[in-house]
Amino acid sequence: MHPRRNSIRFAAALLATNLKASLMLRGAFAMQVIFMALNNFTFFVFWWVLMRRVPEIRGWRLTDIELLFGIVAVAVGLAITVAGGVRYLGQFIEQGELDTLLVQPPPVLLHAVGMRSQSSGFGDMVSGLILIALSGQVSWIDTPRVVVAIVAAALVFAASGILFFSVAFWLGKSDTVARQMWELVITFSLYPEPLFGGVLRLVLFTLIPAAWVGYMPAHIARHASADQLLLLTSAAAGYLVLAAVMFQRGLRRYASGSRFGVFG
Amino acid sequence: MNRRLMALSKYVAFARLSATHGRYDRSELYGRMAFFVVILGVFSSLWRATREAGLAIAADPKSLVWYLASTEWILLSAPLMHVDIQETLRRGDVAYELGRPVSYVGATFARGLGFVASRSPLLAATAFLCAFAFTGWVPPWRALAAVVLFGSIAIALLTALHLAIGLVAFWIGEVTPVFWVWQKLLFVFGGLMLPIRLYPPVMQRLAALTPFPDILAGPASFVLDGEAVAARVLVVRLAMWCVATTALVQWMYARARRALTVNGG
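Those protein sequence lines, which keep their order, are chains B and F.
Taking this note's numbering, the leading residue of the first sequence gets 49, the next gets one more, and so forth.
Taking this note's numbering, the leading residue of the second sequence gets 7, the next gets one more, and so forth.
Just so you know, these hints were derived from the structure itself, not from any lab.
Hints may contain errors.
Ranges between beta-carbon positions, derived for each pair [what the hints assert, rightly or not]:
hint : chain 1 : residue 1 : chain 2 : residue 2 : range
1    : B       : 274       : F       : 99        : 54 to 62 Å
2    : F       : 99        : B       : 192       : 50 to 58 Å
3    : F       : 23        : B       : 286       : 44 to 52 Å
4    : B       : 192       : F       : 23        : 57 to 65 Å
5    : B       : 182       : F       : 60        : 20 to 28 Å
6    : B       : 76        : F       : 40        : 26 to 34 Å
7    : B       : 231       : F       : 99        : 24 to 32 Å
8    : B       : 111       : F       : 101       : 51 to 59 Å
Predicted model only: the values in this text are computed from it and were never measured.
All C-beta atoms, glycine included, are put in the ideal place defined by N, C-alpha and C.
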């Protein structure tokens with residue numbers, strides 16, 4: 049069979065196994081989903097309170113922020129559900145835990161990021177979908193375009209995580225810094241775009257790609273723009289290629305943990 | 007030596023050891039300092055934008071940035087004691103901890119305060135420097151002194167409350183969901199990002215029934231013009247919550263010891 053098709057089949061099987069494993073502990077799964085959704089809504093209380101007094105901030109109304117929050121929540125939830133292993137990449141690299149993956153046929157990066165699906169990602173997705181619905185800005189006709197934008201945003205988010213955590217190949221223990229950089233992507237993507245200008249704006253389109261995770265998909269959802277959708281999907285592809293190249297380069301420097309253990 | 011002083015010296019030793027650990031392991035601290043730069047930068051821009059919109063929101067944007075710097079300083083200075091307690095139980099290490107000639111909760115709290123002592127001053131310096139950098143303004147020194155004084159008491163109270171959440175692990179094992187709920191209530195009813203008086207009246211009344219506004223909004227409100235709660239009222243309320251938390255922790259610990267099943271170890 050074609051190697052690429054093999055990889056896709058493997059990724060699908062890995063995702064299905066992860067989902068089954070998450071659903072096995074139904075109580076814990078439900079709790080994680082509910083609490084993550086509550087977590088997101090609690091954060092949104094700030095905007096509800098503020099926008100009662102200030103109906104518009106540089107052209108952004110409450111419904112625009114609901115849409116932005118919703119899209120980011122669904123994209124982040126999708127990324128950590130499907131590629132939950134990204135969060136652990138630094139730990140795998142630093143502690144030599146990639147050993148068992150290196151001797152298996154599937155691609156190492158695909159295997160590493162496809163493990164450890166985060167149940168809380170479903171909570172993000174549920175709350176995100178509710179916020180998108182509340183915004184009233186997405187009709188059924190817009191849905192396919194919004195779905196593509198969200199998937200592209202999730203890919204950018206996952207790829208940026210791979211980039212940040214792969215730094216461990218060169219710097220060793222950098223897990224905390226990488227995690228915080230990854231969290232910055234979420235932090236910046238949750239605020240209206242016009243708040244940021246100058247050099248920071250450039251940073252948000254490159255080093256900390258919050259613009260591709262939040263503003264751009266939200267803009268595409270509000271204004272049907274084939275050009276911008278093409279730009280977003282190209283950015284997603286670019287970040288993915290960059291992440292894969294960096295990981296492969298780093299893998300050449302990888303030093304084994306030389307330890308016996310069960311991994312998964 | 008006086009027996010009480012000797013007993014106290016044990017806890018001081020725990021605190022000093024923890025402070026030393028805190029000084030050496032700084033990666034998380036640097037992350038928190040970077041977070042200050044980002045969040046205060048974002049919010050100074052947000053408050054400028056709200057002013058541009060021509061809509062006053064009850065306080066000067068500069069003082070709102072200082073308010074956020076103060077609430078975040080209190081929040082980020084309190085160590086997450088519940089994680090340590092949960093891990094101690096999960097690994098079964100609690101069996102060794104309980105055998106020591108010191109109170110387990112006393113030693114854990116002392117460790118927490120040691121951690122606070124090593125990080126809180128640096129976080130305060132970062133918070134206040136960032137707030138100054140983004141606003142070009144410094145609140146009156148008396149207001150800042152009040153924030154530091156009452157904020158320090160609030161950090162100790164918050165550390166003790168995290169400890170109480172950790173003790174819940176004796177019954178349910180995993181306390182992360184409990185912490186999440188607690189944390190979100192603290193964010194909302196504590197007035198983390200917005201002063202409580204901007205909330206709808208129903209939320210203000212609900213918040214007043216909890217310790218959250220006394221932990222965050224109370225100390226931080228000294229930097230808001232004419233909005234500081236009376237210092238005397240805050241002293242009384244903080245003292246009341248400290249006594250209640252001490253009683254709660256003691257009661258929970260006594261019951262937890264009876265409910266204990268030692269794992270691993």
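Tested hints:
A beta carbon spacing of about 59 Å between residue 274(B) and residue 99(F) agrees with the range 54 to 62 Å that was offered as a hint. Separated by about 53 Å at the C-beta atoms, residue 99(F) and residue 192(B) satisfy the suggested range of 50 to 58 Å. One distance hint, 44 to 52 Å for the beta-carbon pair residue 23(F) and residue 286(B), holds here, with the actual separation near 49 Å. Here the CB-CB span from residue 192(B) to residue 23(F) is close to 59 Å, well matched to the stated 57 to 65 Å.
The given range of 20 to 28 Å is respected by residue 182(B) and residue 60(F), whose C-beta atoms sit roughly 27 Å from each other. The hinted window of 26 to 34 Å between residue 76(B) and residue 40(F) holds, with their beta carbons roughly 32 Å apart. With their beta carbons about 30 Å apart, residue 231(B) and residue 99(F) fall inside the hinted range of 24 to 32 Å. The beta-carbon spacing between residue 111(B) and residue 101(F), approximately 55 Å, falls within the hinted interval of 51 to 59 Å.
Checked against the numbered hints given earlier, the structure satisfies every one of them.
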